[in-house]
Structure formats: structure tokens, C-alpha cells
Amino acid sequence: MGQNQYLIIGGSGEAGQSAIQAIRISDPNAFIITSTTTNEPVSNANLTLFGKRAEPGLTNSILDDFEKHGRSKQIKALIYTPALGEVGFPIEESTNEQIINTLGICLDPMVSLEKEFAPELTVAYSAFYWLSHTLAFYGSMGIAKYKADLWALENPSKRRIVRAGTFFSKSVRGISIVLQRTMKKTNHPDLLQLKNKFETSNEKFMDFFLSYAWEHEKESFQSQFGTPYRPTAREDLTRGLTKALQTQSPIVTVLGDWTWEETEMPKLPNWFQQF
1 MGQNQYLIIG GSGEAGQSAI QAIRISDPNA FIITSTTTNE PVSNANLTLF
51 GKRAEPGLTN SILDDFEKHG RSKQIKALIY TPALGEVGFP IEESTNEQII
101 NTLGICLDPM VSLEKEFAPE LTVAYSAFYW LSHTLAFYGS MGIAKYKADL
151 WALENPSKRR IVRAGTFFSK SVRGISIVLQ RTMKKTNHPD LLQLKNKFET
201 SNEKFMDFFL SYAWEHEKES FQSQFGTPYR PTAREDLTRG LTKALQTQSP
251 IVTVLGDWTW EETEMPKLPN WFQQF
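Numbers 1 to 275, taken from the numbering used here, label the letters of the sequence shown in order.
With a cut-off of at most 27 Å between alpha-carbon atoms, the simulated BS3-like pairs for lysine-lysine come out as follows:
| no. | residue 1 | residue 2 |
| --- | --- | --- |
| 1 | K267 | K147 |
| 2 | K197 | K184 |
| 3 | K158 | K115 |
| 4 | K158 | K267 |
Since the hints were made in silico from the structure, they are not lab data.
Just so we're clear, the structure is a prediction, and the values are computed from it rather than from any experiment.
Modelling step: build the complete structure from the supplied sequences, incorporating the hints.
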């Protein structure tokens, strides 16, 4: 048996590091190639490709580096972690331009890489974008996650979604900063409710925001499980990807201690279909 090659886009974030860990568990001989936007080597990877942004030219830039390092294009799995988009307003209010910009980071480069490298498996990350609190502030990111779910279900033998609960990460910190700004000038009932709760909480917004999200997750899912809810951590993402690399189900969900698999779209408000 030769060495399996894996490509992780965005190796230094929480999702990227948890993916490296999962691959090391399930395939100890793996050769892990990872990209980063910086010029710092990604820890625990075999090869880091520097200065790579999630944008239209990403595929060609990665192909060039593969050639430069003499790597074959054969890839066991492509794992795509970038999650950046316009947030801080209801998903339903996303404009065409916002959606195009967000897909240009969160989805299009992955689809292009998948086409070019034809990996055995491509894995994307998602969230609970349809819960009441996320519907109110997830903006065009919600559309990107919706489209990623649809993408996975189009070809379930070659595509996986790891859906994870809210955990502390750079992108969550980014969302909370934007949200704090938009809340100041909103008329949206759910955001006003969030604003009032925050103002009486005596917490820093980031801490408040995380507990708010965790409260909603607990409310939505606790009744389905015998063990108590706990917030999601990096180790849970590792468990999610380990499962995604082994299972036949297109969607693997991890929420704290809980893990479950899905084979169809979540129940969504009908208006999602217009996107």
C-alpha cells in the first residue's frame, strides 16, 4: 500500500487542525498537504502551501505548488474549511451580491478543486443554520451552508458534510463582532430580542453570544438524547471527520457528546427554495 495523500484547505484553524488529527487517527501513514493564508507552516502537516486564499484562482495556485513540490494529483480526500461571508442580518434578507461573494469563498473554490483533483471524498463543514437564532443573524453564510448541504446530497457517495455545533473559533469571533455592530441599528424582532438580552447580561459580547447559541442548541436537541447537552469543542470536530471518512452517510452531525448521521436535507423554512 502506498501513502494516501490528503489536501486540507485552511489547515491552521480549529476545523483544519481537528481534520489533521482525524486523518492521523484513521490513516496513520497519511501524507497531509495543507494550505494556509499565511507564511507560517501548519503544525502536524507534511507539507504546507503558503499564501493561499479562498478565491477564484485557488485551484490553479494549488496545482502550481503540487507541481513545484513534485506531488501527484491523486488525493484520497479533500477537506475544505474556509467559512467567511456577510453576517449580522437575517438569512432571508441576503442580496444576490452578498450570496455571490460568500459562495466565492465558502463553496465555489471547493467545487473547482473537486473537479480538478477528483478526490475519492470531498468534505465541507456546516452548521445549524435553520435554528431560530441563526436564521436571524447568519446572513449570506446561511445560504452558503444550505447550498453545501444540497451539493453533498447530489453525490452522496463522494461528498460529506460535517455539521458541528457552535464552538469558539476565529470565524465565530468574526460573526460576533459584526453582529454587535448590526444590532445597534436593527429593527428585526429576533435581533432586538438578542440586543435586550445582551444589555441585561453583564457579559462581554463574545461570551454572551456563545452562551446564547448554546442555549438555542440545547433547547432544539436535548429532548432527543438521554445524556446532557454540552457545548461543542475541537475534539468533537475530530470525531465528526473521523466518522465522515468511514461512513456512507452524506451528513455527519456532532453536537457536544452527541453524534448522528443524516441522509436528507434538514426541515427548512420554504423561502430557502428561492435561493
